[in-house]
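First to last, the sequence lines map onto chains A and B. Per this note's numbering, the very first residue in the first sequence carries number 1398; after that it's consecutive. Per this note's numbering, the very first residue in the second sequence carries number 103; after that it's consecutive.
Possibly wrong hints are sitting among the right ones.
Computed list of lysine-lysine pairs in DSS-like fashion (alpha-carbon distance at most 30 angstroms, straight line) [as the list claims (entries may be wrong)]: (1) B:K390 / B:K372; (2) B:K537 / A:K1504; (3) B:K989 / A:K1658; (4) A:K1606 / B:K879.
Cβ pair distances, simulated, as ranges [as the list claims (entries may be wrong)]: (5) B:T438 / A:N1802: 24 to 34 angstroms; (6) B:K526 / A:N1802: 11 to 21 angstroms; (7) A:V1714 / B:A502: 51 to 61 angstroms; (8) A:G1886 / B:S531: 54 to 64 angstroms; (9) A:R1698 / B:A875: 33 to 43 angstroms; (10) A:C1530 / B:T432: 53 to 63 angstroms; (11) A:K1504 / B:V506: 45 to 55 angstroms; (12) B:A875 / A:N1802: 41 to 51 angstroms; (13) B:E655 / A:N1802: 33 to 43 angstroms; (14) A:D1667 / B:D164: 23 to 33 angstroms; (15) A:K1504 / B:E544: 19 to 29 angstroms; (16) B:T432 / A:N1802: 18 to 28 angstroms; (17) A:V1714 / B:C1006: 37 to 47 angstroms; (18) A:D1667 / B:D948: 22 to 32 angstroms.
No wet-lab data here; the hints were simulated from the structure. The structure displayed is predicted, hence computed values, not measured ones. The C-beta atom is built at its ideal place from N, Cα and C for all residues, glycine as well.
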Amino acid sequence: MNPFLSEWSVENLRAVTRRQFFGRTATGIGSLALASLLRGNLSASGPAALAGAAENSLAPRQPHFAARARRAIYIHMAGSPSQLELFDPKPKLSELNGKPCPESLYKKERFAFIKGVPKMLGATHEFARYGQCGMELGKLIPHIGAHADDLCLVRSMFTEQFNHAPAQLFLHTGAPRQGRPGMGAWLTYGLGSESQDLPAFVVLTSGGKTPDGGASLWGSAFLPTVYQGVQCRSKGDPILYVSNPPGMDSAGRRRSLDALKDLNELQLHDVGDPETLTRISQYELAYRMQSSVPELMDIEREPQHIRDLYGIEPGKVSFANNALLARRLLERGTRFVQLYHWGWDSHGTAASDDLMTSLPLRCKETDQASGALLTDLKQRGMLDDTLVIWGGEFGRTPMNEERNNSKFLGRDHHPHCFSLWMAGGGIRGGTVYGETDDLGYHVAKDQVHVHDLQATILKQFGLDHTRLTYRFQGRDYRLTDVHGEVVAGLLA
Amino acid sequence: MKELFLVLSVIAGINPGADGPQERAAKIHWSYVKPVRPALPRVSDPRWSRNALDSFVLAQLDREKLKPSPEAARAILLRRVSLDLTGLPPSPDEVDSFLNDRSAVAYEKVVTRLLDSPAYGERWARQWLDLARYADTQGYEKDARRSMWPYRDWVINALNRNMPFDQFTIEQLAGDLLPNATQDQRVATGFHRNTMTNTEGGTDNEEFRYEAVVDRVNTTFAVWMGSTLSCAQCHNHKYDPFTNVEYYRVMAFLNNTEDADADDEKPTMKVFTSSERKKLTGLRDAEKAAENKLTDLLKAPEFQQAFTNWQTKLSNETASWEPLDPTTFTSAGGATLTKTASKSIVADGVNPTNDTYVVTTPIGPGRFTGIRLEALETGEAKAVGRHENGGFVLRQFELAVRPVNAQESKPVPFTNVFADFSQKNFEVSNILTGKGDGWAIESMKPENKIRRSAYFALERPLDLPGGGMLTFTLRHSDRHPGANLKRFRLYATQSAQMGPPTNVPAEMRAILAIAADKRDKKQTDKITEYYRALDPVTKPLHEAHAGARKAAEDFEKQIPTTSVMSELEKLRVTKRHVRGAYLNTAEAVEPGTPASLHPFEASLPANRLGFARWVVSTSNPLTARVMMNRIWEQYFGKGIVETVEEFGKQGEPPSHPQLLDWLASEFMAPESTSGAGAGAQPWDLKHMHRLIVTSATYRQSSKVSAALAHRDPFNRLLARGPRVRLEAEMVRDQALAVAGLLSKKRGGPSVMPPQPEGIWQVVYNGELWKTSAGEDKYRRGLYTFWRRSMPHPMMVNFDAPSREFCVLRRSRSNTPLQALNTLNDPAFIECAQAIARQVATQDHADVKTRATHAFRLILARAPQPKEVARLVALFQSELKHYEADPKAAEKMATSELGKPKEPCNLAELAAWTVVANVLLNLDEAVTKG
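With the rest of the complex left out, here is chain A:
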């Protein structure tokens, strides 16, 4: 019987359901806070059972084995960037540019938009070699390229889904339909939080739209809601309702919360329900968030060289701002940050979604800040135990889409192969893993399924993906469903 599971007694799960957002911590800061509350407010004659009930929920959660990563940033390029322009050079494909696609490839294929006999489309942008390792990457992403020796580029990813929402859900929740918890929710469930005044799992979006999969990508589904990702918004309140109402300042809020606390304590002593105690602590946490969140969001406090490094645009919604926020969150104890940047769906129906105009714009919006994030994490000594993942939900076709005879160059959705890169957190840098065939149509070597990626990410956090489970409606669920193998080749 493994020691991890013993932590997960039924009582514990019950407690978790009932208990708070930040209570169970690895560092114990949260537990100290609540313990002091207990000491401060409960006399010796107070309900002794309360301490026990509270302690249960504060039990720190150790991973199954030693972790290589303590936190992660998952940069999801929603819509899916073209691997054939950025990550996977295919000289043979360029030779066949404009030639009809071999029938064997498209015959039984179900495309989202391609009709008839598509024509092959070679890379529309050049590649270059980067770093000591000589990794070939697109010239559109020089800042990412500058970190080639820290990157593990996976060219042999594949998925089972060819539409955005299901593929995004598959990537983040392990299932193509709504109803399963997101990766960040699983991690928080497995490991708890290291922050006492910020959420453990935060989501930031840029690019004008939230991703197709919607809030289900970071939802907690059947896990207790305390594990769901909290979306920090760039406009209005960064966290919903974090601002005091008009006419109430922070001192006024403090005064009213003091009254609230006093009244709640009267109730606690009168009725004796431990839940009241939890509620008191949650209101105190809420108050702390009211100051910590605006402080967090104020990226203009960063020194000029950091602002320049990322290329932030204060006051706007931008990927660069979010990348810097991600670092600030991780520094403050948040465990898992997801950045979504929308607009990579390069179908080529117009200049706004083609490979020649739109793709370089998306790269321009994200490349510098992606590189900056790696530089910044490294210079702070955080990259070693911070896992960074960058990629889309599927690949793009080696054929030109030509929807309605469009003259703009574009590629349709392609589930059979795509690329993504990882860095930090025990990942083997300067590595290219896996290969696709000459046309970039199928994986030729070392294929990595989405569930394998998930298993590998959990492994870096010290979690065995087959053992991180949750009982729901009679079945034990896990992120990787009943599949997934850790890919040792990606690890240092």
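Based on these hints, arrange chain B on the given structure of chain A.
Then chain B, alone, in the frame of chain A:
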């Protein structure tokens, strides 16, 4: 080992000494044995029991050597039972009248009032709607809106009318199959139409239809039988007696409905109120009357003559066409082209992806104005094109001319084209504009496999005094492989009106080009209708008729629709899916129910209706227990079986098995028909609610001593009353109710109360959150528009599910996001401002009295002196603060509600707003205690 079920290792891990799955399966699990009404146990204090329930609870307490708690204070009890039965707190008047009613049955009278209140149906519908996964949108990707709210209203009404639960079940599962099904009974079948639909590009509708039916099978067993039959979708159930084959036999009952993941949600039905139906009948009658008048006039010889004259005039203007006689005809793609005796060209042999035909033909002397391309049907299949569906898609049609004696051909431009028929999105005009894929004629439909023509008007008349050679180039679309013309003929005309088009629409001209006796009925009707609008005699009547028709149509259009179940005439063959995979099917199965459960009576029809009757058969060991347990969980925070969703071997054992069996027996066949149970019917929900809330068990105080909290932290033994956080809808409804803002409006389309900007930002969907105006801003939470991908943030904060799938048990979390929500959300500030106005405008009251009033408004009970003192202290500190800062005072007091009607002290109002804000956030306020 990839496929290994983790369940095994986990169970072994937690409980190494337990029986393995096989040993367990050998015994019959308690929940699969039909409940028998147990005799009432002996108890230590029979006087404590108010009804049978209490005997079972007390007997258990006796065994545990525990005593029940005293009855809760009256005001607290009233708040508890009001929230439980109606989801709303009692008003101060209701509290007073209850406190002043010293009769022995004061409480029972309150219970009757609450059960009779329409708010009862709203509160209990909420629970059912989670099970029904009711929402206002489709679910997948775009998550577009759809109309399902008539189903929601059906649930509310059925509960308020106290429809027996067996009927409630049958109507939802199979109301459409009942003899002479009423509108309501069909609306009820929306239960299983709440499954999600997928409208994404490139998806396979059949796949998502299959997913919907899977959801229906799983949901039915989860909701009515607390069973995880879903496990058997992929393999035999690992713990419970359900096989993989049995899963698909159940599916065979539910797999025969017409719905098929269609974008338009069909089948749907219009849902009329009786007055609407009457009005529509009136409008249809008026239309019929207008039509009769018109028809009479149309029969008159004068009209017929005028109509004929008009047609003749137009026909004279219609071109006469001479067939051309090609001399060469080639296919670029290698097809074999031959000419028939009737001068048409037929393609055979190789059929390339997109062929190009080049046809040359001599033409005699003349001045030509137009060209006609006629596609002809051929062979037994009557194909007009060479695509496997018998169609063609013509992308380009070019003409060049070489006059006699000229050396070179010159292109001849066209100025206009019309066809006697074009497929939607394949308009013939595409040939000239280059847009779209080209011209097609919907030839996959048999009725369209007939000859159709495209008429091309030349930009300038073509003068060929000595005749010449014409070269036609026909190019087909490369986006529809093989869709090349099969047989076609070319014509030219010298008639004048192939010049500028007349004002008669192309469709009418195409009909006129057909001889009157060759037209079908549709064509005749169309042209007649067109003409009668022109004829000066018929015009007024035509317009009167058109007006009446439009009035009826417009009225009908705005009648709401809802999705319903409808059985196919020809049943689907249901097959087992290997490992549950959609594409991997095995043998066909017959409808049937699991062998381990009660038999499917031979008298029942082997269809969805029979299945529904089987579900609510009194022989079913599960349905009544599961429903009673679910209701119990709402009252006490935990079910008698804590795993409300799992009654199988993986579930928790019941804390009070006899109590559960007694409740289930009483539910199916009530015996307590005297006193509170007078008039109880089988499957009577209100009867069961009444029994529970009038029990001594329910009426206990929820105060807990340290010893008891230690002994029984989760109140499994029921030695105290329930204390649980309010659910999302109640948190909202309570705040609105105590503020006096809550709208009493019931039913109707879902509404959009304020939410922060930018919540709805979903790709490929332009839907906007348009904040409702007027009282719709203040409706009960269950009427809030439920978007599955992005439910209202307040609902999400308080654990409301997304409603993508059936949710059997909501979690009850306690988070700082909830705190921020009720502290700062403008909706809650608005309620605080409204409460402040009620408090501050009380006549002749001192601060203490006002504070007491505010407290009672929200918590029903009277405050203790300490509590009043603390509120007064807060009021004083805030009054001082706001007196010093009038601007802040104005904001705090008026930001959401605006200026008060009567002039008043804004600093006082602001201070009371802060007090109300605190009161609304008390642990006791968000808790049912």
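Each hint tested on the structure:
no.: 1; hint: B:K390 / B:K372; in the structure: holds, 21 angstroms
no.: 2; hint: B:K537 / A:K1504; in the structure: holds, 26 angstroms
no.: 3; hint: B:K989 / A:K1658; in the structure: holds, 28 angstroms
no.: 4; hint: A:K1606 / B:K879; in the structure: holds, 27 angstroms
no.: 5; hint: B:T438 / A:N1802: 24 to 34 angstroms; in the structure: holds, 29 angstroms
no.: 6; hint: B:K526 / A:N1802: 11 to 21 angstroms; in the structure: holds, 19 angstroms
no.: 7; hint: A:V1714 / B:A502: 51 to 61 angstroms; in the structure: holds, 57 angstroms
no.: 8; hint: A:G1886 / B:S531: 54 to 64 angstroms; in the structure: holds, 57 angstroms
no.: 9; hint: A:R1698 / B:A875: 33 to 43 angstroms; in the structure: holds, 42 angstroms
no.: 10; hint: A:C1530 / B:T432: 53 to 63 angstroms; in the structure: holds, 58 angstroms
no.: 11; hint: A:K1504 / B:V506: 45 to 55 angstroms; in the structure: holds, 50 angstroms
no.: 12; hint: B:A875 / A:N1802: 41 to 51 angstroms; in the structure: holds, 47 angstroms
no.: 13; hint: B:E655 / A:N1802: 33 to 43 angstroms; in the structure: holds, 38 angstroms
no.: 14; hint: A:D1667 / B:D164: 23 to 33 angstroms; in the structure: holds, 28 angstroms
no.: 15; hint: A:K1504 / B:E544: 19 to 29 angstroms; in the structure: holds, 26 angstroms
no.: 16; hint: B:T432 / A:N1802: 18 to 28 angstroms; in the structure: holds, 25 angstroms
no.: 17; hint: A:V1714 / B:C1006: 37 to 47 angstroms; in the structure: holds, 42 angstroms
no.: 18; hint: A:D1667 / B:D948: 22 to 32 angstroms; in the structure: holds, 25 angstroms
In summary, the structure agrees with every hint in the numbered list given earlier.
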